[in-house]
Amino acid sequence: MFLEVKQIRKSFGQEQVVTDLTFSLERHKTLSILGQSGCGKTTMLKMLGGLVTPDGGDIRLDGASISHKKPEQRNIIYLYQEDLLFPHLNVFENIAFGLRLKKHPAKEVRQKVETMVESLELQGQQSKMPHQLSGGQRQRVSFGRAIINNPALLLLDEPFGSLDAGTRQRMQQLFKKIAGAFSITSLFVTHDLKEAILMGDEIAFMKSGVLKVYKSKQAFIEDPETGVQSEIGFWKDLK
Amino acid sequence: MRFSVKPFILSLLVLLVLFPFAYLGLLSLAGDWRFPDVWPAYIGLRNWYAVLSAETSLWQSFLLSVLISVSVATAATFSGFFISRLVYYHPKQHLLTLLSYFPYILAPVVFAACLSFFFLKLGLFGKSGGVVVAQFMVAFPYALIFFGSFWGSKTQQLEKLVATLGGNLWHTFQRVLLPMARGMLLVCFFQTFLISWFEYGLTSIIGVGKVQTLTIKVFLFIKEANFYYGALSCVLLILPPVALLYINKRYVFNKLV
Chain A
1 MFLEVKQIRK SFGQEQVVTD LTFSLERHKT LSILGQSGCG KTTMLKMLGG LVTPDGGDIR
61 LDGASISHKK PEQRNIIYLY QEDLLFPHLN VFENIAFGLR LKKHPAKEVR QKVETMVESL
121 ELQGQQSKMP HQLSGGQRQR VSFGRAIINN PALLLLDEPF GSLDAGTRQR MQQLFKKIAG
181 AFSITSLFVT HDLKEAILMG DEIAFMKSGV LKVYKSKQAF IEDPETGVQS EIGFWKDLK
Chain B
1001 MRFSVKPFIL SLLVLLVLFP FAYLGLLSLA GDWRFPDVWP AYIGLRNWYA VLSAETSLWQ
1061 SFLLSVLISV SVATAATFSG FFISRLVYYH PKQHLLTLLS YFPYILAPVV FAACLSFFFL
1121 KLGLFGKSGG VVVAQFMVAF PYALIFFGSF WGSKTQQLEK LVATLGGNLW HTFQRVLLPM
1181 ARGMLLVCFF QTFLISWFEY GLTSIIGVGK VQTLTIKVFL FIKEANFYYG ALSCVLLILP
1241 PVALLYINKR YVFNKLV
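Going down the list, the protein sequences come from chains A and B. Its first residue numbered 1, the first sequence is counted upward by one per residue in this note's numbering. Its first residue numbered 1001, the second sequence is counted upward by one per residue in this note's numbering.
Be aware that one or more of the hints could be misleading.
In silico DSS-like cross-links for lysine-lysine, where the CA-CA straight-line distance does not exceed 25 angstroms [as the list claims (entries may be wrong)]: (1) B/K1160 with A/K103; (2) B/K1092 with B/K1154; (3) A/K102 with A/K6; (4) A/K112 with A/K102; (5) A/K236 with A/K176; (6) B/K1223 with A/K70; (7) A/K212 with A/K29; (8) A/K70 with B/K1127; (9) B/K1160 with A/K69; (10) A/K29 with A/K177; (11) B/K1092 with A/K128; (12) A/K102 with B/K1092.
Simulated from the structure, these hints should not be mistaken for laboratory data.
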């Protein structure tokens, strides 16, 4: 397995936020994780990204332990719900940010950014500043800035949470397309049932710090705890 | 046609604001102006030539003030920026912020009197370096408090994002935090420059009359009842703040809005 998480746990004071988290993920797959607010999803992602230190357990990426590596050495990119574009940089420079840090040649940076801009359907927006973009465009730039670095693992923390329904749907389709084109391995956290089913190759449910990974989408749908059955019941009763 | 008083009131307000400056300018050019004359007997550049003469040493005071204020403002702005990050990310942030208000609960003269023993022991009494250190102790907490609003949760998230994108702390400051804070750094430099530029209490005690900044000179001339040189020093005193105000208005405030 490409990503292996073994018995990771974390507590803040007396509160156990993540309990014996164990799961694995194949390369180039997306695991979507459904969970209500405060169930420990964000803490779990931050531990994988190196932004929060776990109390115990091990994280292995491509066979090697990364538990003691600093965030900048992990090649794991964490994307917040907010797009967090750098306000002093235009679209081009925001996307090129990671490549500039790694001192890629200017010609290569231009070429890669232009390809990315095309994939993100942002042609003609390169010189715009973040405040001149719509919510969906900003989120696309944020994706581009992460994916252009070819991360080993992409962590998405409710990335479409602040978008309206229409933009959210378009962004879901775009993400699926880009994740496939750039062979991205990712963990996609959401509290939206439909989004969890749509976005993941595999699916998991998190409750009170405990993660349950399902063998198939069918198993996820059939489990009454996930809320899918009650959702189906609601729409049936409406008829 | 409808009569409006608004333009008259506005003109009056503008006149009221400009009058002290115009009067200072006139006084700096005047000589032999005695009661009950309504106009000075002499108007010319005589006083201004005196700026360059050794008699008043105003020119040296002006340069010394610029040097002290630029040093204080530069040191306070940059140390304030970096140290405020430590303060506002610290678990005891509220206590540390409260402590940074300490220099402002005492009058500058009392504060200077409390510090004078230590300045004497360190050999900083009556030295320009001592005045820089003393003024820094007032300007630095201001900068610390000023940058507090910059270190919010969004800045923390940006710092973490840079880390996951492969950047270290140097990259974070160089490529994100300093460019983002450019406007605030300039405003803080301007404000701390003003704090230092107009500082009198600390400077007079720690400088013990040996460090004659322009502000000290203004008070000396006024004590001597030399209104013409007093006005001239005041004109010199307001020149750098006016220049800074213009630069801030032209290049900083417009971009911040």
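We went through each hint and held it up to the structure:
| no. | hint | result |
| --- | --- | --- |
| 1 | B/K1160 with A/K103 | holds (20 angstroms) |
| 2 | B/K1092 with B/K1154 | holds (20 angstroms) |
| 3 | A/K102 with A/K6 | violated (31 angstroms) |
| 4 | A/K112 with A/K102 | holds (14 angstroms) |
| 5 | A/K236 with A/K176 | violated (29 angstroms) |
| 6 | B/K1223 with A/K70 | violated (64 angstroms) |
| 7 | A/K212 with A/K29 | holds (17 angstroms) |
| 8 | A/K70 with B/K1127 | violated (47 angstroms) |
| 9 | B/K1160 with A/K69 | holds (14 angstroms) |
| 10 | A/K29 with A/K177 | holds (13 angstroms) |
| 11 | B/K1092 with A/K128 | violated (40 angstroms) |
| 12 | A/K102 with B/K1092 | violated (36 angstroms) |
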